[in-house]
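**Q** Sequence:
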Amino acid sequence: MTREQHEAYGSIVDVPGVKVGQVQDAEALTGCTVLVMENGAVCGVDVRGSAPGTRETDLLHPTCLIERVHAICLSGGSAYGLDAASGVMRWLEERNIGFDVGVGVVPIVPAAVLFDLSVGSAKVRPDQQMGYTAAQQANTHPVKQGNVGAGTGATVGKLAGVRHAMKGGLGSASRRLPNGLVVGAIVAVNAVGEVRDPATGKVLAGVRDEHGQIRDIRSLMIEQGTSSILPGTNTTIAVVASNANFTKAQANKVAQMAHNGLARTIFPVHTMHDGDTIFAAATGGVDASVDLVGTLSADVLAEAVVNAIIAAETAGGIPAYRDLRPQA
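Under the working numbering, the first residue of the sequence shown is numbered 1, with each subsequent residue one higher.
Heads up, some of the hints might be wrong.
With beta-carbon atoms standing in for the labels, derived distance ranges [stated by the list, open to error]:
1) Thr200 - Val103: 51 to 61 Å
2) Ala249 - Ala26: 39 to 49 Å
3) Pro16 - Ser121: 30 to 40 Å
4) Asp287 - Arg163: 45 to 55 Å
5) Asp58 - Ser219: 38 to 48 Å
Subject to a maximum C-alpha distance of 30 Å in a straight line, what follows is the list of computed DSS-like cross-link-like pairs (lysine-lysine) [unchecked claim]:
6) Lys144 - Lys202
7) Lys253 - Lys144
8) Lys19 - Lys253
Because the hints were derived from the structure by calculation, they are not lab data. Glycine residues also receive a C-beta, built at the ideal position from the N, C-alpha and C atoms.
Produce the complete structure using the sequences and hints provided.
**A** If you want it as structure tokens, here you go:
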């Protein structure tokens, strides 16, 4: 698709019906990112990493009862960070937003977490109050990127340990087509692998050697043989969204296709040490094919991954792309 065929926008909030709120602790290096869909959104999910930390993902299977979600929570803090979703539920319930169960509402808030306990403070994790505050602050302002929200403590290139890693972060991107279709993505990049620019093939962030130079990751994997990395200590989590009219089955297919965006930018991806998870939300309003939305979702997700690395800043003694590769 040429630049003349679409109009590029900055972030996932360009999708009608999607708001984003983010809260972080800059000292403890952790945080959460909440997407609020007050009118609900059809949602699917695809989990490809082998060490995921998730909540309510089974509910998104096409055979399950619930059709719409009201928010999605992406969080640091490993499994502890799933607690942030309860705060999002509380905020929604106070506004009577949720699935009507006769005696009240139950807000549907799927969530996924990444491991950031090895940077900053391992004792400070996103909690209910942080999730509540993020939901409360959700708006349609352009999404802040880099060391914010779920990307605050994110790192990449950890095959040789955090000491040789580089800073990951949070990124977002979106596109609008002439027919009014908008597709967006938001991602917290915390991969065991390195991140490459798919347009050039250049490594933006990866494993650093003793001199601060980025190592060839395949050579390192061969050299290491059996990895000593603890499973689940990484993970890239994301949401792709559109204003397409989709069923849950179609949203699940879009989530599957969106993983191509990770495959274009993260090497290796979907490892035994990652819990890579992508949610796909559809707010409705425009008829569109699954193939088109899935293709665009992969495109904007790849852009969002690159944006996350470019926007990241050095933190916790872990250098960022802008410090090591200013001319890349």
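**Q** Could you run down the list of hints and mark each one as holding or not?
**A** So, going through the hints one by one against the coordinates:
1. As the Cβ distance of Thr200 to Val103 is approximately 57 Å, the hint placing it in 51 to 61 Å holds.
2. A hinted range of 39 to 49 Å holds for the C-beta pair Ala249 and Ala26, which are about 41 Å apart.
3. Between Pro16 and Ser121 the C-beta distance comes to about 38 Å, which sits within the given range of 30 to 40 Å.
4. As the Cβ distance of Asp287 to Arg163 is approximately 51 Å, the hint placing it in 45 to 55 Å holds.
5. Under the hint 38 to 48 Å, the C-beta atoms of Asp58 and Ser219, about 40 Å apart, fit the expected range.
6. Between Lys144 and Lys202 the CA atoms are separated by roughly 25 Å; this keeps the pair inside 30 Å, and the hint holds.
7. Proximity of Lys253 to Lys144 is assessed by CA-CA distance (about 28 Å); at most 30 Å being required, the pair is judged to hold.
8. Distance hint between Lys19 and Lys253 is fulfilled; the C-alpha atoms sit about 23 Å from each other, no more than 30 Å.
Going through the hint list in order, the structure satisfies each hint without exception.
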